[in-house]
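Enquirer: As given, the protein sequences belong to chains C, X and L, one line each in that order.
Its first residue numbered 1, the first sequence is counted upward by one per residue in the numbering used here.
Its first residue numbered 1001, the second sequence is counted upward by one per residue in the numbering used here.
Its first residue numbered 2001, the third sequence is counted upward by one per residue in the numbering used here.
Check the hints yourself; a few may be wrong.
[What the hints assert, rightly or not] Residues from chain C shown here face chain L by an in silico Cβ test under 8 Å; the list is partial:
1. H87
2. Q245
3. D251
[As the list claims (entries may be wrong)] Have a look at the derived ranges for each label pair, beta carbon to beta carbon:
4. L:L2219 to X:T1172: 41 to 49 Å
5. L:S2240 to C:I112: 37 to 45 Å
6. C:W143 to L:K2343: 40 to 48 Å
7. C:I86 to L:I2397: 35 to 43 Å
8. X:V1142 to L:L2241: 20 to 28 Å
9. L:R2310 to C:G164: 56 to 64 Å
10. X:P1066 to L:R2209: 52 to 60 Å
11. L:R2310 to C:I86: 44 to 52 Å
12. L:K2186 to C:C109: 47 to 55 Å
13. X:H1064 to L:R2310: 33 to 41 Å
14. X:L1152 to L:S2240: 18 to 26 Å
Simulated from the structure, these hints should not be mistaken for laboratory data.
Beta carbons are placed, not taken as given, at the ideal position from N, Cα and C, and that holds for glycine.
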Amino acid sequence: MRIADLKQRHSEFRQRIIRWEMGGFLALLIPIVHPHPYHLDVLTTALLYALLALGLNVIVGLTGLLHLGYAAFFAIGAYTYGLLNIHLGCPFWIGWLPASIFAGISGVCLGIPALRVRGDYLAIVTLGFGEIVRIAFTNLEQWTGGPNGLLGIAHPRLWIPTAGMLDFGVSSKPYYYLALIVTVIVAGFCVRLSRSRVGRAWRAIREDEMAAACMGIPVLNLKLLAQGCGGAIAGLAGAIFAAKQGVITPDSFDFILSVMVLAMVVLGGMGSIRGAIVGALVLGSLPEWLRGFDRYRMLIFGLAMIGMMRLRPEGIFRGRR
Amino acid sequence: MTSLQLFFQQLANGLTLGAIYALIALGYTMVYGVIQLINFAHGEVFMVGAYGALSVILLCTAAHLPWPVVLLAAALGALLLCGGLGGVIERIAYRPIRRAPRLNALITAIGMSFFLQNALMLCYGATDRQFPSLIPSVRWDVGGLSFTGMQLLIWGSSAVLMAFLQVLVMSTKLGKAMRATSQDPVACALLGIPVDRIIAITFVIGSALGAIGGLLFGLYYGTINFHDGYLMGMKAFTAAVLGGIGNIPGAMIGGLVLGMLEGLGAGYLSSQWKNVFAFVALVALLLFKPTGLLAERVAERA
Amino acid sequence: MRGVGQGTWGEGLRYFLYPLSLAPFPLPLIVCFGLLVGLVGCGGRSEPTVKIGFVAPLTGDQAPQGEDMFHGALLAVEQAQADGEILPGYRLELVVLDDQRNPTQAVSAAKKLVADPDIVAMVGHLNSSCTMPASAIYHQARLLQVSPVSSNPQISRQGFDTFYRTCATDDLQGPAAARFIVQDLKAQKVFVLDDMTTYGRGLANELIRALNALGAEVLGHEGITQADKEFTPILTKIKSLNPDLVYFAGMFPEGALLIKQRQDVGLGGYFMGGDGLFDVALIDLSGSQAAEGVYLSTIGSDIYRVSTARAFVQAYEARFGPVGAYSAYAYEATNIAIWAIRKAGKPDRAAVLAAMKTLKDYPGLFGPQNFDEKGDSLIRDIGIFTVRSGRFSFVKIATQD
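Chain C extracted, bound-state conformation:
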């Protein structure tokens, strides 16, 4: 490779970084330009979806494992933080870590048996896992509060030098910033990850598992790693979700959620990181935009999904191959 090529690649890379910076900058401005709590809340929810989509993108988009039970990791993260907070008084700034780690570990644990099966069979095993986790959270009343869920999870508090202690409470702005910052960090992490050796190996597995194995790639370990990373990101999102809601119930983590996140990844463009984010922002906030259509909104939402798939079969951003 010639020096000039390298330089061009470097310049492209810098442009991309600038693009991300600009995107983040604009996003930071939104609450100042337009401090509308409802719109910020919709955006925060969309950003949480974006986090989930980023995590699922690692599993489905990069590694090519079809996963239909992703909401389970989100639930595990949310419940881990919720339980730690309620029983041990663990603050959010510490609690997210075990939530994320625990969800990641459960991703790996699910992976060990599940990765024996392939393709659509994997899809149904993960679907089953998602349902099992949700029903277990509903039924294990002594620990999870059953259908009532966990009540009274503390909202995060943050000490700000000039303003003193800020309780996030039910206001929208702090959660928006929290979700935004975490999303940006996770997105950066995902970009680095997908460009690394591991990322390349994942893509190799996605394209041709057999060939990848022949090249000496430890396929099983890498698949487990993908599940673990995806799970950990979902767990982090779950902790933020629990902290934001203050109340979590098992019905927040149903199959529809798993399917929606998958749709976001596919809509954005499989394996594309900005795709996952944009896909999540679009699909995550679409139901709110469609509120004007009253009871027709889910009908239109379904049509929109069909239409988007038809108009952009490769997703909004074509994933790098």
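Given the structure of chain C, go ahead and fit chains X and L onto it with the hints provided.
Expert: Frame of chain C, contents of chains X and L only:
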């Protein structure tokens, strides 16, 4: 009732539900067998069948026809409605993206499922609808077990339809074309098989089977609701995978096994963990037999 | 193309100006932001309106119950509109939002309501799991919330002065039903079923606690899955335990199937349910023969018998058909919100809240309505009904002690 009788009664209960699962699972498995698409909208097509049958029944009973005629008319009406719907869905939603990556079709199917479910809600209202019990209620007691006429009808019709489908796929020219398409659509097209038409016919037949499932479901439970298709569809899909997706007797066996598992699990262990038993059994089975009970091949065409 | 850093002046300039141009943004991103910013501008106001928010599941699997609520609220608003201006110069409007019984969407909907300054009171949500997180948002925004049917006792224990509800809580209905079961029906062996929702499980737990205290034997407590259809396995199992009574804490669609399949299975003894079953559809769906003799515990008295509710029942039936399980509560809650706005005399949230605190003996559907300091209704009568020849017929009021 002795414990043995209790067991067989639970088994019979489970088999009835299983037979309905099997009918829906046939639709999943046929479509999957030919184009490797998990047609998530199939559960909703099944509900369209149930509502279509209900409309026909309400019309016919208003005309005071005898019940066998009404039943036949309802079956026919639902068949035509769902068959047509299946064809239309294939034509407008799935065909244009057939060459796109496989997951797109999956997402389209999910979108279609949202659309159909909400369309049903808007057309028929959100409240549960009563489904008239057409079949005179008959009950036989055999050795301490009781069977109803409805149960026999369900078992009978699903067995007949499965046999019909098996013959269709295995011993007719159309079936041969379907099997060929599932193996290699490009080669089929080269050999002059109208691949598009074969796929459309597969959708029509699969959806029509769902319609019969919908009719029997409505008759058996007596109430239908627009969102019933979601749970039934998910279970039927599970049944199809359990039996080995793409395989017709497999779907049947998968449905029956799943129904029995749920029946016995809910009856003997715990009703609130019912769905967990079904999925745990499925996961366990797939771990030991990664392609389901009867599958011939691992279908993976990314 | 050459890399940055070794180029001409022009190139350097472009590099500096680059962050200011839109070039780095792909079109979809721009469209996204455009749409988001576009949300700002919408809504020019023409005529002064005062709005009441309403949130319930209007799509998804609890849409039937949500629709019942919506009809009740709509009727109340229409009647108020027909009565003339609610406040001088103001038009009354009902802002309807859907939460799909999903707590996440419930919070979004709550924030949407709170953000609209014209909204001075809200009615909703259906599910306790949605009301719970949303109530914190209404409290922060000082927005009056009148919840028609979220009966989980935990909600009012949060200490929000913006929260009121028109239904009795589960910790009242459970004991009353238990007393009726043990003292009137003389049932000693009871099997309890619930639908594993916040409502069903909460009610079932309260019932079991009370049954145990009264010395009845609880043979078992099991959950069923909401939206499931096949209950014969669990009913067959219950039959083998031979209970005197089966109590189901859940909603009428599952209740109707349980009643129907109970007959198929041949399960004898009493069958009793909570207020979620109190819907005419229960009898239609299960068939009047199977439903015969089923007992229900409900909040308040017979809506068809209470003289104060006659006008409501007539108006509702003329407009929407049979009165749903939750229609009356939503109607009552909406009317109370309207009353508070009228009393306040100005479209101001604080004034409406202050007016609400002065409420005393509001002429409600079930008689004079009052609220305790937690915001719970003081109408705590639990009515017992039975199904007789295809109709609900009133048995007695099972009071607290």
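Enquirer: Evaluate each hint against the coordinates.
Expert: Consistency of the hints with the structure:
1. Among the interface hints, the one on H87 of chain C is violated; its C-beta lies about 17 Å from the nearest C-beta in chain L, farther than the 8 Å criterion.
2. The beta carbon of Q245 of chain C comes within 5 Å of a beta carbon in chain L, closer than 8 Å, and the hint placing it at the interface holds.
3. Residue-level restraint check for D251 of chain C holds (minimum Cβ-Cβ distance to chain L is 7 Å; threshold 8 Å).
4. Judged by the Cβ atoms, the range 41 to 49 Å given for L2219 of chain L and T1172 of chain X is violated: they are separated by roughly 55 Å.
5. At about 40 Å, the beta-carbon gap between S2240 of chain L and I112 of chain C stays in the expected band of 37 to 45 Å.
6. Between W143 of chain C and K2343 of chain L the CB atoms are about 46 Å apart, so this pair conforms to the stated range of 40 to 48 Å.
7. For the pair I86 of chain C and I2397 of chain L, the supplied restraint of 35 to 43 Å holds, since their beta-carbon distance comes to about 39 Å.
8. Under the hint 20 to 28 Å, the C-beta atoms of V1142 of chain X and L2241 of chain L, about 24 Å apart, fit the expected range.
9. Distance hint for R2310 of chain L and G164 of chain C: a CB-CB separation of about 58 Å, consistent with the stated range 56 to 64 Å.
10. In this structure, P1066 of chain X and R2209 of chain L meet the distance hint of 52 to 60 Å, their C-beta atoms being roughly 54 Å apart.
11. Restraint check, R2310 of chain L to I86 of chain C: a C-beta distance of roughly 48 Å satisfies the suggested window 44 to 52 Å.
12. The given range of 47 to 55 Å is respected by K2186 of chain L and C109 of chain C, whose C-beta atoms sit roughly 52 Å from each other.
13. Roughly 37 Å separates the CB atoms of H1064 of chain X and R2310 of chain L, a value that falls within the hinted 33 to 41 Å.
14. A beta carbon spacing of about 24 Å between L1152 of chain X and S2240 of chain L agrees with the range 18 to 26 Å that was offered as a hint.
Of the numbered hints stated above, those contradicted by the structure are hints 1 and 4, listed in ascending order.
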